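Asks: One letter stands for each residue in the lines below.
Protein chains: 2
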Amino acid sequence: MLTINTERLLRLLDNLAEIGATAAGGVSRPALSEADMKARAWLKEQAEFYGLNYREDSAGNLSVILPAEDANAKTLLVGSHLDTVPNGGRYDGALGVLAAFEALLTLKEAYRKLPYHLECISFTDEEGTLVGLLGSSALCGTLTAEDLTAPRGGRERLLAGLKRANLTEEGLLNAHRDPATLAAFLELHIEQGTRLEEANIDIGVVTSIVGIRSYWIEYLGDAAHAGTTPMDKRADAFWGAAAFTQQARDMVMERFYPGVINIGAVELAPGAFNIVPARARLALEFRHGSETELNAMWAELQSLARDIAQVYNLSVQITHSGSIPAAPLNDGVIAAIEHAADTLGLSHTRLMSFAGHDTQNLSRITPAAMLFVPSVGGISHNPREYTRARDVVNGANVVLHTLLKLAQA
Amino acid sequence: MLTINTERLLRLLDNLAEIGATAAGGVSRPALSEADMKARAWLKEQAEFYGLNYREDSAGNLSVILPAEDANAKTLLVGSHLDTVPNGGRYDGALGVLAAFEALLTLKEAYRKLPYHLECISFTDEEGTLVGLLGSSALCGTLTAEDLTAPRGGRERLLAGLKRANLTEEGLLNAHRDPATLAAFLELHIEQGTRLEEANIDIGVVTSIVGIRSYWIEYLGDAAHAGTTPMDKRADAFWGAAAFTQQARDMVMERFYPGVINIGAVELAPGAFNIVPARARLALEFRHGSETELNAMWAELQSLARDIAQVYNLSVQITHSGSIPAAPLNDGVIAAIEHAADTLGLSHTRLMSFAGHDTQNLSRITPAAMLFVPSVGGISHNPREYTRARDVVNGANVVLHTLLKLAQA
Numbered sequence: 001m002l003t004i005n006t007e008r009l010l011r012l013l014d015n016l017a018e019i020g021a022t023a024a025g026g027v028s029r030p031a032l033s034e035a036d037m038k039a040r041a042w043l044k045e046q047a048e049f050y051g052l053n054y055r056e057d058s059a060g061n062l063s064v065i066l067p068a069e070d071a072n073a074k075t076l077l078v079g080s081h082l083d084t085v086p087n088g089g090r091y092d093g094a095l096g097v098l099a100a101f102e103a104l105l106t107l108k109e110a111y112r113k114l115p116y117h118l119e120c121i122s123f124t125d126e127e128g129t130l131v132g133l134l135g136s137s138a139l140c141g142t143l144t145a146e147d148l149t150a151p152r153g154g155r156e157r158l159l160a161g162l163k164r165a166n167l168t169e170e171g172l173l174n175a176h177r178d179p180a181t182l183a184a185f186l187e188l189h190i191e192q193g194t195r196l197e198e199a200n201i202d203i204g205v206v207t208s209i210v211g212i213r214s215y216w217i218e219y220l221g222d223a224a225h226a227g228t229t230p231m232d233k234r235a236d237a238f239w240g241a242a243a244f245t246q247q248a249r250d251m252v253m254e255r256f257y258p259g260v261i262n263i264g265a266v267e268l269a270p271g272a273f274n275i276v277p278a279r280a281r282l283a284l285e286f287r288h289g290s291e292t293e294l295n296a297m298w299a300e301l302q303s304l305a306r307d308i309a310q311v312y313n314l315s316v317q318i319t320h321s322g323s324i325p326a327a328p329l330n331d332g333v334i335a336a337i338e339h340a341a342d343t344l345g346l347s348h349t350r351l352m353s354f355a356g357h358d359t360q361n362l363s364r365i366t367p368a369a370m371l372f373v374p375s376v377g378g379i380s381h382n383p384r385e386y387t388r389a390r391d392v393v394n395g396a397n398v399v400l401h402t403l404l405k406l407a408q409a
Numbered sequence: 001m002l003t004i005n006t007e008r009l010l011r012l013l014d015n016l017a018e019i020g021a022t023a024a025g026g027v028s029r030p031a032l033s034e035a036d037m038k039a040r041a042w043l044k045e046q047a048e049f050y051g052l053n054y055r056e057d058s059a060g061n062l063s064v065i066l067p068a069e070d071a072n073a074k075t076l077l078v079g080s081h082l083d084t085v086p087n088g089g090r091y092d093g094a095l096g097v098l099a100a101f102e103a104l105l106t107l108k109e110a111y112r113k114l115p116y117h118l119e120c121i122s123f124t125d126e127e128g129t130l131v132g133l134l135g136s137s138a139l140c141g142t143l144t145a146e147d148l149t150a151p152r153g154g155r156e157r158l159l160a161g162l163k164r165a166n167l168t169e170e171g172l173l174n175a176h177r178d179p180a181t182l183a184a185f186l187e188l189h190i191e192q193g194t195r196l197e198e199a200n201i202d203i204g205v206v207t208s209i210v211g212i213r214s215y216w217i218e219y220l221g222d223a224a225h226a227g228t229t230p231m232d233k234r235a236d237a238f239w240g241a242a243a244f245t246q247q248a249r250d251m252v253m254e255r256f257y258p259g260v261i262n263i264g265a266v267e268l269a270p271g272a273f274n275i276v277p278a279r280a281r282l283a284l285e286f287r288h289g290s291e292t293e294l295n296a297m298w299a300e301l302q303s304l305a306r307d308i309a310q311v312y313n314l315s316v317q318i319t320h321s322g323s324i325p326a327a328p329l330n331d332g333v334i335a336a337i338e339h340a341a342d343t344l345g346l347s348h349t350r351l352m353s354f355a356g357h358d359t360q361n362l363s364r365i366t367p368a369a370m371l372f373v374p375s376v377g378g379i380s381h382n383p384r385e386y387t388r389a390r391d392v393v394n395g396a397n398v399v400l401h402t403l404l405k406l407a408q409a
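Protein sequences, first through last, are from chains D and E.
For the record, in the first sequence the residue sitting at position 85 is 85 according to this note's numbering, with numbers rising by one throughout.
For the record, in the second sequence the residue sitting at position 219 is 219 according to this note's numbering, with numbers rising by one throughout.
Quick caveat, the hints were computed from the structure, so don't treat them as lab data.
Nothing false has been slipped in among the hints.
Copies of the same chain look alike in the list, so a pair counts if it works inside one copy or between any two.
List time: in silico SDA-like cross-link candidates among lysine to any residue, alpha-carbon distance up to 20 Å: (1) K233 - Y257; (2) K233 - I261; (3) K113 - N5; (4) K233 - I201.
The structure presented is a predicted model; accordingly, all values stated were derived computationally and were not measured.
Required output: the full structure, derived from the provided sequences and hints.
Replies: Put into structure tokens, the structure is as follows:
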């Protein structure tokens with residue numbers, strides 16, 4: 001049975017981890033930083049060294065290509081991203097790119113003839129130190145000029161990064177590819193959670209990438225003297241906010257598992273020991289793999305927010321902050337991953353991805369799916385991020401055999 | 001029956017309200033501001049005009065005196081304060097000073113011989129735009145040099161105010177009076193709440209000024225990815241903070257009435273939509289008129305804070321922020337106020353003061369009590385602060401007859 005070159009893959013991972021390496025053993029390689037530019041140049045060198053084609057699109061997405069014999073064949077994309085968060089780890093993104101690279105090399109060296117061009121791709125700025133899922137949005141044609149005007153990393157940093165990479169906003173906005181030329185997309189990633197580790201399972205097959213909705217929930221009451229105003233005469237905005245936090249948590253845990261909810265920030269006004277809060281603003285985010293469930297969650301949460309306002313003699317204002325739709329993944333690609341794992345004798349389970357990935361963009365234009373390998377302790381975005389060598393190799397072999405399975409389709 | 005000169009008292013109140021008057025109909029007369037200096041000069045003029053003695057101590061406390069025949073008699077203090085909060089009202093403080101002034105005038109004009117020197121006093125900076133209860137702390141000997149190093153209004157403003165009034169820090173720290181020279185202290189004030197208005201009662205007899213305790217309650221959990229961390233694996237510090245807020249409120253309302261609790265500020269860290277809060281810091285304050293009850297409240301609150309930490313897999317750190325002890329008032333002076341109200345045919349009820357007043361300082365060195373008259377709508381520290389003329393007059397007459405009753409003792 002064909003398998004990847006374990007030694008080479010682990011060496012490629014080690015070599016890449018030296019680019020942007022931090023003293024703490026992590027990696028700082030933010031998108032289009034000097035370190036990222038070095039990693040990009042390194043990938044090109046590797047492609048050339050091993051005799052694979054190399055290409056870069058106008059969004060800075062890097063491709064290493066093993067062409068099919070038929071020049072008109074569709075392209076099977078497989079990859080992830082080279083960029084990291086500041087002070088991140090060695091595996092997030094890097095594993096997916098290098099496993100794909102190694103799978104292509106293995107197929108090239110085995111002289112396998114596939115009916116698709118195989119393209120190992122690294123997307124620009126997955127992590128969002130500039131924009132977030134930037135390269136895959138550009139490739140999928142969903143990036144807008146507006147996304148670039150006030151990016152989360154700041155406009156100046158974006159422009160500096162584009163200049164460094166010899167890219168332009170116009171190029172970003174014109175990087176979309178024709179879906180008719182694509183056969184499928186596959187991404188290997190570390191889990192960034194503990195479900196696989198705890199269940200002692202080799203491979204997680206991702207059925208959906210969760211949608212994320214965020215809102216500001218603002219309770220409004222009356223500022224009052226915290227001494228002279230009797231408790232039963234108060235309209236304390238924080239009482240509403242605290243009750244909402246508790247009841248929303250309980251409701252989501254009881255009725256929307258495995259969906260999750262977070263209240264990550266709170267602002268009270270006026271905000272003094274001796275003044276009853278007039279205003280309490282909660283930063284609410286919730287996630288689920290199904291849009292139907294997200295709609296149901298939101299209906300329940302709104303109703304809860306309003307019921308609580310009545311109980312505490314408050315009003316409530318709800319402001320939309322952002323939405324990312326849930327991305328159900330492709331049954332055919334999911335089945336190919338499971339078939340590959342079975343072929344290799346690896347255990348697997350289906351799960352949702354509760355973090356965002358480039359796969360969610362690709363899933364909107366081509367059959368796409370992704371697989372996870374275990375993260376030790378679930379630690380990620382941290383120098384202590386670690387995935388055991390055997391799981392690295394398992395993941396790459398599943399990528400290889402998934403490509404082979406998809407090639408039969 | 002002897003009663004005060006209604007017309008004169010209302011005119012004095014109107015005249016004083018012109019000093020520092022705001023366009024909105026309120027009064028801005030912060031301690032030792034230019035407006036406060038004008039009000040002080042005005043009070044001295046009134047004393048001289050009406051043939052009463054005038055004195056100012058080294059803390060800037062102003063006294064208008066009707067001396068007893070016996071120069072060695074003790075002094076019966078009665079008063080409040082001329083300063084206001086910025087953009088405050090016409091009655092808070094001013095009523096207590098002018099009712100005392102009018103009572104002295106009435107007794108003088110009636111040629112009543114009392115066995116005490118009667119001293120109408122206005123304390124410096126009751127409101128705390130500089131230090132808070134400054135003049136009464138100085139008079140009672142509890143002011144320390146430390147209180148002046150980082151005052152709540154800022155060191156610069158304090159020094160500027162002292163200079164304007166020709167006062168010194170040394171003078172403040174040496175303004176204490178010998179308790180053996182004092183007979184009692186009495187203060188009339190507006191209620192700044194709605195209990196009297198709602199019960200349609202003329203006079204509130206204050207039995208205690210609440211103690212205030214403030215603490216930071218900080219829950220500590222683990223920052224985590226708000227998507228990939230399952231709900232049941234989180235140590236969300238805000239879950240603890242929200243549960244504590246709710247349960248502490250319910251506990252105080254059920255078991256410590258009329259005690260009150262407030263959580264006036266909250267800080268979450270890291271503080272983002274997509275990060276589970278690692279840290280939630282609550283600004284907790286609670287008040288009660290009895291130190292025994294304050295101790296019991298605090299024992300229950302600490303126990304609750306720790307129980308909740310366990311439930312949510314958090315730790316909790318509690319930091320003391322400040323304490324003002326409860327000030328139970330003097331039974332003899334309370335009885336004299338009630339006797340005076342009965343004499344005048346006015347309804348009265350006992351209550352606690354949930355706000356701080358100079359009386360709490362005086363109560364530590366001499367028999368002291370205070371009375372409230374209704375505030376319309378409970379509004380205070382606001383240009384709309386209002387007390388009806390009949391309640392102003394009732395209050396002043398109760399002051400007059402309380403002095404007469406105390407003089408019999």
